[in-house]
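Same order as they appear, the protein sequences are chains A and B.
Just so we're aligned: 484 in my numbering is position 484 of the first sequence, and the numbers increase by one with no gaps anywhere.
Just so we're aligned: 170 in my numbering is position 170 of the second sequence, and the numbers increase by one with no gaps anywhere.
Errors might be hidden in some of the hints.
[As the list claims (entries may be wrong)] Here are some of the chain B residues that sit facing chain A, going by a computed Cβ distance under 7 Å:
hint	residue
1	G321
2	Q353
3	I387
[Claimed, not checked] Listed below are the simulated PhoX-like cross-link pairs for lysine-lysine, each with C-alpha atoms no more than 20 Å apart in a straight line:
hint	chain 1	residue 1	chain 2	residue 2
4	A	K103	B	K75
5	B	K155	B	K295
6	B	K342	A	K30
7	A	K75	B	K114
8	A	K342	B	K45
9	B	K30	A	K433
10	A	K155	A	K295
11	B	K30	A	K342
12	A	K94	B	K75
13	B	K94	A	K103
14	B	K45	A	K155
15	A	K94	B	K103
16	A	K45	B	K342
17	A	K433	A	K422
18	A	K201	A	K155
19	A	K114	B	K75
20	B	K433	A	K342
21	A	K75	B	K94
22	B	K75	B	K376
23	B	K155	A	K45
[What the hints assert, rightly or not] If you want the footprint, here are the derived chain A segments under chain B, 3+ residues with CB under 8 Å:
hint	stretch
24	79–85
25	125–134
26	149–163
27	264–275
28	349–359
Hints are computed from structural coordinates only; laboratory data are not their basis.
Keep in mind that this is a model prediction, so the values were computed, not measured.
Heads up, the beta-carbon is just placed ideally off N, CA and C, and yes, glycines get one too.
Number of protein chains: 2
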Amino acid sequence: MLSISSNPTGSSSSTTKVLTGNNMNPRVRKAEYAVRGELAIRSEKIKVELANGGSFPFQRVVGCNIGNPQALDQKPITFFRQVASLVEYSDLLKEENRELALKLYASDAIDRAKLLLANIGSVGAYSHSQGIPLIRENVARFISDRDGFPADPSKIFLTQGASAGVQLTLQMIVEHPDVGIMIPIPQYPLYTATLAVLDAKPVPYYLDEAKAWGLTTEELQRSYDEAAKSGVDTRALVIINPGNPTGQCLSEENMREIIEFCRKNRVILLADEVYQTNIYQPEQRPFHSFKKVLKSMGPQYEGFEMISYHSISKGMIGECGRRGGYFECEGLDQSIMDEIYKISSISLCPNVQGQIMVDLMVNPPKKGDPSYALYKQEYDDIYFSLIKRAKKLEDMFNNLEGCTCNSADGAMYLFPQIRLSKKAIAAAEHAGKAPDQFYCMALLEATGVCMVAGSGFGQVEGTAHFRSTFLPQPELFDEFCAGITQFHAGFMDKYRD
Amino acid sequence: MLSISSNPTGSSSSTTKVLTGNNMNPRVRKAEYAVRGELAIRSEKIKVELANGGSFPFQRVVGCNIGNPQALDQKPITFFRQVASLVEYSDLLKEENRELALKLYASDAIDRAKLLLANIGSVGAYSHSQGIPLIRENVARFISDRDGFPADPSKIFLTQGASAGVQLTLQMIVEHPDVGIMIPIPQYPLYTATLAVLDAKPVPYYLDEAKAWGLTTEELQRSYDEAAKSGVDTRALVIINPGNPTGQCLSEENMREIIEFCRKNRVILLADEVYQTNIYQPEQRPFHSFKKVLKSMGPQYEGFEMISYHSISKGMIGECGRRGGYFECEGLDQSIMDEIYKISSISLCPNVQGQIMVDLMVNPPKKGDPSYALYKQEYDDIYFSLIKRAKKLEDMFNNLEGCTCNSADGAMYLFPQIRLSKKAIAAAEHAGKAPDQFYCMALLEATGVCMVAGSGFGQVEGTAHFRSTFLPQPELFDEFCAGITQFHAGFMDKYRD
Chain A
1 MLSISSNPTG SSSSTTKVLT GNNMNPRVRK AEYAVRGELA IRSEKIKVEL
51 ANGGSFPFQR VVGCNIGNPQ ALDQKPITFF RQVASLVEYS DLLKEENREL
101 ALKLYASDAI DRAKLLLANI GSVGAYSHSQ GIPLIRENVA RFISDRDGFP
151 ADPSKIFLTQ GASAGVQLTL QMIVEHPDVG IMIPIPQYPL YTATLAVLDA
201 KPVPYYLDEA KAWGLTTEEL QRSYDEAAKS GVDTRALVII NPGNPTGQCL
251 SEENMREIIE FCRKNRVILL ADEVYQTNIY QPEQRPFHSF KKVLKSMGPQ
301 YEGFEMISYH SISKGMIGEC GRRGGYFECE GLDQSIMDEI YKISSISLCP
351 NVQGQIMVDL MVNPPKKGDP SYALYKQEYD DIYFSLIKRA KKLEDMFNNL
401 EGCTCNSADG AMYLFPQIRL SKKAIAAAEH AGKAPDQFYC MALLEATGVC
451 MVAGSGFGQV EGTAHFRSTF LPQPELFDEF CAGITQFHAG FMDKYRD
Chain B
1 MLSISSNPTG SSSSTTKVLT GNNMNPRVRK AEYAVRGELA IRSEKIKVEL
51 ANGGSFPFQR VVGCNIGNPQ ALDQKPITFF RQVASLVEYS DLLKEENREL
101 ALKLYASDAI DRAKLLLANI GSVGAYSHSQ GIPLIRENVA RFISDRDGFP
151 ADPSKIFLTQ GASAGVQLTL QMIVEHPDVG IMIPIPQYPL YTATLAVLDA
201 KPVPYYLDEA KAWGLTTEEL QRSYDEAAKS GVDTRALVII NPGNPTGQCL
251 SEENMREIIE FCRKNRVILL ADEVYQTNIY QPEQRPFHSF KKVLKSMGPQ
301 YEGFEMISYH SISKGMIGEC GRRGGYFECE GLDQSIMDEI YKISSISLCP
351 NVQGQIMVDL MVNPPKKGDP SYALYKQEYD DIYFSLIKRA KKLEDMFNNL
401 EGCTCNSADG AMYLFPQIRL SKKAIAAAEH AGKAPDQFYC MALLEATGVC
451 MVAGSGFGQV EGTAHFRSTF LPQPELFDEF CAGITQFHAG FMDKYRD
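Turn these sequences into a full structure, and let the hints steer you where they fit.
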């Protein structure tokens, strides 16, 4: 045995650990996830130091590295939280407590909690591994109302967030190390991280920054063909729509071309649609689901294989910490559906609290319901504020020296390009960092603003970008923009060639 | 490309799916998880048919296949649920609502909810990927109070249940397909399923049924050496204590031997201790944590590598559906700790509702607190009822023809052996099933009781067992036992040689 012969004395002192960076799972070691990488870790440390009286040139850390609205004080939707509160403590639903409960909770929240508990039993029990049947029925109704085409609850799996769904389904597909999965560049790094762990080949296709992060099937075909030439067996195509980190929103025509590309090349379409309600130009750039576009394309696309993902973490809900979401399977072989069930059952079930929030997402208060007016107001307040903040931040970036930024059709991010001086690039190299990582680290240390460098998402060689959410609090937003502007001017001056 | 050449027309009709059982991930296909396998799937179908007026020789399905207490009407702990309810809807904590809230919630539940929210912010925000710092501090205090040795919050990771922790940490260890992980036989099938997906080698060691499911280091060494001879590089040893499905509880002396075995053979100890409070013979067979035993063994064990797992799903809490737990790392290399953090961060964070229940588990009401009396009463009611039901079911099994059953020192299960007739074995073979699977399926169809066949856990070749929880409702327990007894007599008669 290797492990014995290398250490015949059997000592377990710290210099001869059984498990080390050198003999651990190399696929895990290879995985990178910049959204919570070096910059985020440093920002967490600064937070702790600030709390302990440490001195920094700023009062607070502003986490723009991750779409985490409630961490930046976005108010949760009251109706959703009332239901979440009621299902936890069913004494509140007893008839003898009704009068009291009605002073604290809306009557339709009480009704909804009762209905859910009648179906679920206890929120502390494992549920069906695929998700609570009633909630899957409600998801199916939501999808069919959205798309105008039927959806089947037996094809829907509730998950602990969209990330868990993506990880689970990619795991089904990767047969061997030459299996390729097409991913956009720039991409959300969940994809590259998961493919590294699964030992599969990322097959990159590039979004065209000069054309508002446009996606062409010519580029898809180039990417596919190039991978094929090097022996990669491409099995699936990931589309993030609206885009992350890029925010673009696909046209129906473009989506039809993408579906045709998949059919022709025999790849499964994986549609990450978690930002489907974060749409900021609803007239010019509305959201279309791939399911709807597919179903409108006629019978020759019958049996087309697709998985689409949704989440409670984004939209105007922002219930990230609860970990809830779902995916819908379209056209998958029954044997694969059975295997997805099996692998879900090993983890027993998605957490019930997350499942309940999925129910609320797909079935919010309706006109005429007691909670509707408040729901609508809270929803709209968040929505219109996001539009305003997106535009403000975009304008700010476009006014920075050497910086250009496409506008966001959707999602929660901007992904500006910065052109750094030779001197700055040399300083970054000296510090052992990618230029954009160097810039973002300087920004964090100077302002407390934590963004993610473009190198974490992938970008055209030789360019530099960063991703920022536009989620900081409305009342702090001008201060936030001013801080970045001031830092940027100083940085550019310091490293002027 | 294989996928093209096999289907040059590019058609995607159902006979030529891109993804099939034949080209999916073979490691996933290989995984088996009997706890929610054929029997559980059939029982779910019967439930639906019963609800739709289907006719069966019983009124209800009784799920004894899985430790899911609240699905069988175990009442949740009131204090825990009050806090869970309050943190969801922070309006309840406002001063102007205090008077009202106090009519529905205990004052210490309100205080705890305030404290948690002051630390967490919103329960809808992503938390620290390792888990909320305050809660990790409380876990560390719980461990050090339990063991009398210090624990370090930075070595604790909160998880979405113990299963998620086991999967994550096994994933770290499996470097290549010849890596072996020692597992007990019988075992909880999470382990074989996870090792199949990770493409690692299970290295089985046998528990001795004749000696109350005893575990000897001679057997551990035999297992290790045999694996080594066939080229397996064993890296870790899984111990489930108290045992699942076997319920045995290890003595301190036995645990010292196991630790010494690990040190000598250079394997990491993975201690699954999720049933640590399900202890039914506390005088003769108390629970000792591996952490405590290790720390009492002196300085030559400094740096010993171990991971131990705990959960909110078991004990008297039974909050399975919430998915919460933690693992504590002992002696791991810092590079490994960093990698565990990175891989956790890709999934963003464990769900916050599960984290909060971990806090409540490790920090329940104390003597003198307003909620203490009720908490103590609820806890004891469940505990003493479990002891009673365990004994009743054990006696019932031991009174069945051809059936013997060790008593449970701990956990939630009994794992009786049944000796089936040649005729029954032939009938099982004819039906294409393992004999115990055949028996359990007949039991389900006749009585509505769903158990899991021993073949799903592993057992000595040629023996037959099944696992049953003793969780059915106290008021239905006699009826439940009578149903099994009657079925068994009929089955034995039907297949008498």
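Taking the hints in turn, this is what the structure says about them:
With its C-beta approaching chain A no nearer than about 4 Å, G321(B) sits inside the 7 Å limit, and its interface hint holds. At its closest, the beta carbon of Q353(B) sits 4 Å from a beta carbon of chain A; the interface hint therefore holds under the 7 Å criterion. The beta carbon of I387(B) is not positioned within 7 Å of any beta carbon in chain A (closest approach about 21 Å), and the interface hint is therefore violated. Restraint check for K103(A) and K75(B): the C-alpha separation of about 26 Å exceeds 20 Å, so the hint is violated.
Only pairs whose Cα atoms come within 20 Å are accepted, and K155(B) paired with K295(B) is accepted, the gap being roughly 16 Å. Between K342(B) and K30(A), the direct Cα distance comes to roughly 11 Å. Compliance with the 20 Å bound is thereby established for this hinted pair. For the proposed pair K75(A) and K114(B), the alpha carbon gap of about 17 Å is at most 20 Å, so the pair holds. For the given pair, K342(A) sits about 16 Å from K45(B) by alpha-carbon distance, which is consistent with the 20 Å threshold.
A C-alpha spacing of about 43 Å is found between K30(B) and K433(A), which places the hinted pair above 20 Å, so the restraint is violated. Distance hint between K155(A) and K295(A) is fulfilled; the C-alpha atoms sit about 16 Å from each other, no more than 20 Å. Between the alpha carbons of K30(B) and K342(A) the distance comes to roughly 11 Å, so the proposed pair stays at or under 20 Å and holds. The suggested pairing of K94(A) with K75(B) holds, with an alpha-carbon distance near 15 Å, which does not exceed 20 Å.
Distance restraint check for K94(B) and K103(A): the Cα-Cα separation of roughly 14 Å lies within the 20 Å cut-off, and the hinted pair is therefore satisfied. At roughly 17 Å between alpha-carbon atoms, K45(B) and K155(A) fall within 20 Å of each other, so this suggested pair holds. Only pairs whose Cα atoms come within 20 Å are accepted, and K94(A) paired with K103(B) is accepted, the gap being roughly 14 Å. For a cut-off of 20 Å, the pair hint linking K45(A) to K342(B) stands: about 16 Å separates their Cα positions.
At roughly 14 Å between alpha-carbon atoms, K433(A) and K422(A) fall within 20 Å of each other, so this suggested pair holds. Of the supplied pair hints, the one linking K201(A) and K155(A) is violated, its CA atoms being roughly 27 Å apart against a limit of 20 Å. Only pairs whose Cα atoms come within 20 Å are accepted, and K114(A) paired with K75(B) is accepted, the gap being roughly 17 Å. Taking the CA atoms of K433(B) and K342(A), the gap is near 19 Å; set against the 20 Å cutoff, the hint holds.
In summary, the hint linking K75(A) to K94(B) is supported, as the alpha carbons are separated by about 15 Å, within the 20 Å threshold. In summary, the hint linking K75(B) to K376(B) is supported, as the alpha carbons are separated by about 13 Å, within the 20 Å threshold. Taking the CA atoms of K155(B) and K45(A), the gap is about 17 Å. The hint holds against a cut of 20 Å. Three residues within the 8 Å Cβ limit are the bar, and the stretch 79–85 of chain A against chain B gives 4, so the coverage statement holds.
Coverage of the stretch 125–134 of chain A by chain B holds in this model, with 5 residues showing a Cβ closer than 8 Å to a Cβ of that chain against a need of three. Restraint check on the stretch 149–163 of chain A versus chain B: 3 residues with Cβ-Cβ distances below 8 Å, three needed, restraint holds. Remark: the stretch 264–275 of chain A is confirmed as covered by chain B, as 5 of its residues place a Cβ nearer than 8 Å to a Cβ of that chain, reaching the required three. With 6 residues having a Cβ less than 8 Å from any Cβ of chain B, the stretch 349–359 of chain A passes the three-residue criterion, so the hint holds.
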